[in-house]
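In the order they appear, the protein sequences are chains D and R. Those letters in the first sequence? Residues 1 to 80, by my numbering. Those letters in the second sequence? Residues 1 to 330, by my numbering.
Among the clues, some could well be false.
Derived DEER-like restraints, expressed as beta-carbon distance ranges [said to hold, decoys possible]:
id, chain 1, residue 1, chain 2, residue 2, range
1, R, GLY84, D, ALA21, 47 to 57 Å
2, D, GLY31, R, ARG288, 23 to 33 Å
3, D, GLY31, R, ARG277, 17 to 27 Å
FYI, nobody ran anything at the bench for these hints, they're computed from the structure. Using N, Cα and C, we set each Cβ at its ideal position, and we do this for glycine too.
Listed below are the residues making up each chain.
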Amino acid sequence: VSVRLLALLAAVLERDLVEVASLAPDTPLFGGAGLGLDSLTGMRLLAAIQREFGVDLAAEDLALDCLQTIGTLTARLDRV
Amino acid sequence: VSLVKCVVWDLDDTVWPGVAIESDETPRPHQHVLALLAELEGRGIVSSVASRGDPSVAAALLDRFVEPQVSWDPKAAAIQRIAGALGIGLDAVAFVDEDPFERAEVAHLVPEVRVLSVAELRAALGEPAFTPAQITDEGRRRVSLYRDEDRRRRAESGFAGRREDFLRSCDMRLEIRPAAPAELDRLGELGERTHRLNSTASRHGRDEMRRWLDRGQLTRARLADRFGEYGLIGLAAVERPPAHAGRELALLAVSCRVDGRGVPAALLRWTMDEARRAGAREMRVRYRPNGRNVRLAVLLRQLGFQHAAGEFRRSLEDELPPYPDWLRIE
Chain D
1 VSVRLLALLA AVLERDLVEV ASLAPDTPLF GGAGLGLDSL TGMRLLAAIQ
51 REFGVDLAAE DLALDCLQTI GTLTARLDRV
Chain R
1 VSLVKCVVWD LDDTVWPGVA IESDETPRPH QHVLALLAEL EGRGIVSSVA
51 SRGDPSVAAA LLDRFVEPQV SWDPKAAAIQ RIAGALGIGL DAVAFVDEDP
101 FERAEVAHLV PEVRVLSVAE LRAALGEPAF TPAQITDEGR RRVSLYRDED
151 RRRRAESGFA GRREDFLRSC DMRLEIRPAA PAELDRLGEL GERTHRLNST
201 ASRHGRDEMR RWLDRGQLTR ARLADRFGEY GLIGLAAVER PPAHAGRELA
251 LLAVSCRVDG RGVPAALLRW TMDEARRAGA REMRVRYRPN GRNVRLAVLL
301 RQLGFQHAAG EFRRSLEDEL PPYPDWLRIE
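Same shape as in the complex, but just chain D (with noise of 0.2 Å):
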């Protein structure tokens, strides 16, 4: 999952793979310290994990906690 995750993340962001790779687990996904991800991102993420894991996390869970950091939404794809 991380892997392909994070190729997501780094696609979706326009950021550079192996930079996004050497982030700790506990990033935010959101705000500056973090990755900077925002509601447009945001969409586009949601649409390409559809894509990618076949999941609609949107769906499933409302409240969207698993986007929290890398570790959150890592743990909560390592379900599918």
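Based on these hints, arrange chain R on the given structure of chain D.
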């Protein structure tokens, strides 16, 4: 002059009147657009679509358009994908949108693409760029094999940063004020007709707006930029529930005509400021999913809200999320 081989259309308020996601069925295209589509096809120029919205809309377009792109991506990215799929250069693409902001955004991000209003497209049909000489099938195939990888790769990198540059160049002013009685009709319309950027699944009409307004709980936003005025495009109703000491955002609704400009984030920040000034320690948001408003849930997470007991909540005691820096709040 490079020949235009594909015309990429925006949908809402260009191909058809209104916003597809705000009505129950796919709207009927304008007659004058249907005539232009037929004219282009007769000249061997294909039509495609780059529009913001739910990807499910695209399936309904396949009989008229090739490679239609309906998504949350910037239209410039969609245009790149279309050019890539057709194997043509970006300078062989024209983009048609009735909204001058959208045209300017595409022109900023992919300057090779020719951007036009519908009227400008009609006028341009007399130009050499839209008048292909007779070409053989073989010639057409050669054209379809043409790719300019290098240019495409360059244009594909770093959209996000350049989009923010573009937004900063737009001189966007967001005027946020308490709602006035004269605005009730428009506010009711926003409460009834918004789906994508609406925090509840239900519709809120004029009467409900009046109740919020009478209690001083209703805030509205108007947007203007260097392309003109968008008018009243957003509202927030913030209640003071007896059950807890915080404030409760009963409704946030923003027209999707101004999608992608940071208006919901700014309105949320404004309501949090106001609540904090009034001594509240927590903001809660009555969010109800309707299958189309996931964006707002993602935005709430982005702004530091956590979901608990059926609501998104955020403390007002720590630092509030910043306003989008391209918006001047008035």
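Hints and how they fare:
no. : hint                           : verdict
1   : R:GLY84 x D:ALA21: 47 to 57 Å  : 26 Å, violated
2   : D:GLY31 x R:ARG288: 23 to 33 Å : 25 Å, holds
3   : D:GLY31 x R:ARG277: 17 to 27 Å : 24 Å, holds
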